[in-house]
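*Asks:* Numbering (this note's numbering), first residue to last: 41 to 464.
Derived from the structure by calculation, the hints contain no laboratory data. All values derive from a computational prediction rather than experimental measurement. Keep in mind that a hint or two might mislead.
So the derived label-pair ranges between C-beta atoms look like this [stated by the list, open to error]: (1) Val260 <-> Asp102: 30 to 36 Å; (2) Asp57 <-> Asp189: 45 to 51 Å; (3) Ser430 <-> Ala287: 44 to 50 Å; (4) Ser434 <-> Thr286: 45 to 51 Å; (5) Arg152 <-> Thr244: 34 to 40 Å; (6) Thr374 <-> Asp341: 44 to 50 Å; (7) Arg50 <-> Ile171: 32 to 38 Å; (8) Pro46 <-> Ala305: 51 to 57 Å; (9) Glu288 <-> Asp198: 30 to 36 Å.
The C-beta atom is built at its ideal place from N, Cα and C for all residues, glycine as well.
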Amino acid sequence: MSQNLPVGLRLVEGIPDDRYPDWLDCWLGVFGGPVGSEPALVDFYRRNYPPERGLAVAAEDDAYIATNMAVDRELVLPGGHVVPAAAGTGGSAHPAAARQGLMRLTADMLTRRAVDEDKAIMIGGASEWPIYGRFGVGPATWCDAVEIDVRAAGLRDDVPGRGLRPRRVTAEQARELARELYRRQALEVPGEVLPPAAYWDRLTDDPALGRLEESLALGVPGPGPRFCLAVEDRGLVTYRVAPNWTAESAPHSTLHVIDFLALDAEAEGALWRHLFSVDLVREVHVWRLAVDSPLRWWVSDARRVRAKRQDALWLRPLDVPRLLSTREWACDGTLTLSVHDHLGFAEGTYRLTAESGKASCERTTTDRPDMEMDVSTLGAILLGGNPAVSLALSGRIRAAEARVAHLWDTMATPARAPHISYWF
Numbered sequence: 041m042s043q044n045l046p047v048g049l050r051l052v053e054g055i056p057d058d059r060y061p062d063w064l065d066c067w068l069g070v071f072g073g074p075v076g077s078e079p080a081l082v083d084f085y086r087r088n089y090p091p092e093r094g095l096a097v098a099a100e101d102d103a104y105i106a107t108n109m110a111v112d113r114e115l116v117l118p119g120g121h122v123v124p125a126a127a128g129t130g131g132s133a134h135p136a137a138a139r140q141g142l143m144r145l146t147a148d149m150l151t152r153r154a155v156d157e158d159k160a161i162m163i164g165g166a167s168e169w170p171i172y173g174r175f176g177v178g179p180a181t182w183c184d185a186v187e188i189d190v191r192a193a194g195l196r197d198d199v200p201g202r203g204l205r206p207r208r209v210t211a212e213q214a215r216e217l218a219r220e221l222y223r224r225q226a227l228e229v230p231g232e233v234l235p236p237a238a239y240w241d242r243l244t245d246d247p248a249l250g251r252l253e254e255s256l257a258l259g260v261p262g263p264g265p266r267f268c269l270a271v272e273d274r275g276l277v278t279y280r281v282a283p284n285w286t287a288e289s290a291p292h293s294t295l296h297v298i299d300f301l302a303l304d305a306e307a308e309g310a311l312w313r314h315l316f317s318v319d320l321v322r323e324v325h326v327w328r329l330a331v332d333s334p335l336r337w338w339v340s341d342a343r344r345v346r347a348k349r350q351d352a353l354w355l356r357p358l359d360v361p362r363l364l365s366t367r368e369w370a371c372d373g374t375l376t377l378s379v380h381d382h383l384g385f386a387e388g389t390y391r392l393t394a395e396s397g398k399a400s401c402e403r404t405t406t407d408r409p410d411m412e413m414d415v416s417t418l419g420a421i422l423l424g425g426n427p428a429v430s431l432a433l434s435g436r437i438r439a440a441e442a443r444v445a446h447l448w449d450t451m452a453t454p455a456r457a458p459h460i461s462y463w464f
């Protein structure tokens, strides 16, 4: 692929171990968070983002000017079924190397590698909305970044979990509990991505500074001690508190939630009761709140929960029959889909037949498919988090009849809103 690069640049497939800190700084430096000079953080990244999975573009002086990577993960589909996924991350280009096609080159290479490795789908996030659609990915899940005035919002008396009191746990205990809780919770929510066990080492590797949390897009909690509390073996919350005082010397601190895991409504309610009652705290900030969270119905004044809706997980289908036949369906129905893919991997016409929650999907031929769309649009509706009716109204889906988009939504909408609660 090097012949497609501008003169003087060369492609690096697999990052040499001694150059890994340089590669990290090229990637994270674009986002304002280089970590190459901090051995503990570099070691964390090395365990979770193996150097051999990375790509780089090197300049004539051997400096890295662009990076990209895809790591092995599993994506949860509706019904708790999982498929192997190539998780794209680490995409960056030095400002002086922008607009030279380096992102497209490396992204296409990673997509081809995912197909060779028999991955069903590419997954990732988008630093800028306009960039990623051309790579065939579409936004599939959403979340809310919320800021809560806990005194003004208040919790209702009937919030579940009144008899449960969270207990303090150590960072090591939190790590082990998080590993177990996350997998159990994630299998109930489409869009969650199962990380390696080493991912939870962040709970012990960076106890005071919060650098990992910032670089992993878990919020911007800033420095300060991390608090870890558990509700039996059913819930876990971790957070940091940014202290602040008003001009009148009244406490006005902000609590930044980092991890929030709960297996049932009682554990979830007990954790929220704790967060609303921490001394000196006026506001609670949550970076990724699920759009179907019950919190808005548990507070006394939901207008005091300021929310900003944001896109989260983007999907790029590769093996359409495997994806559609693996996920669970809410009702019976038959649809024919025509998918266009500029790289050809998902290109084709498919007949989907769902019955009793399960489905078969096979390639077929027809001049009049029920729905026609680009592969990025299929990624957007795959989990049921975006209404096909809306995408048909926008022109992103060309439907033979108005009812077929509604039929897809009836079939595809899962019991829980698609959500990803951490970043990889």
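*Asks:* Does each hint fit the structure? Answer for all of them.
*Replies:* Going down the list of hints, with the structure as the test:
Checked against the hint of 30 to 36 Å, the C-beta distance between valine 260 and aspartate 102 comes to roughly 33 Å, which is consistent with it. Against the hinted window of 45 to 51 Å, the Cβ-Cβ separation of aspartate 57 and aspartate 189 comes to about 48 Å, which satisfies the hint. Separation of serine 430 from alanine 287 is about 47 Å and conforms to the stated range, judged on CB atoms against 44 to 50 Å. A hinted range of 45 to 51 Å holds for the C-beta pair serine 434 and threonine 286, which are about 46 Å apart.
Distance hint check for arginine 152 and threonine 244: the Cβ-Cβ separation is about 37 Å, which falls inside the suggested range of 34 to 40 Å. At roughly 47 Å, the beta-carbon separation of threonine 374 and aspartate 341 lies within the given 44 to 50 Å, and the hint holds. At roughly 24 Å, the beta-carbon separation of arginine 50 and isoleucine 171 lies outside the given 32 to 38 Å, and the hint is violated. Taken as a hint, the range 51 to 57 Å holds for the pair proline 46 and alanine 305, whose Cβ atoms sit roughly 56 Å apart.
Distance hint for glutamate 288 and aspartate 198: a CB-CB separation of about 34 Å, consistent with the stated range 30 to 36 Å.
When held up to the earlier numbered hints, the structure conflicts with hint 7 and nothing else.
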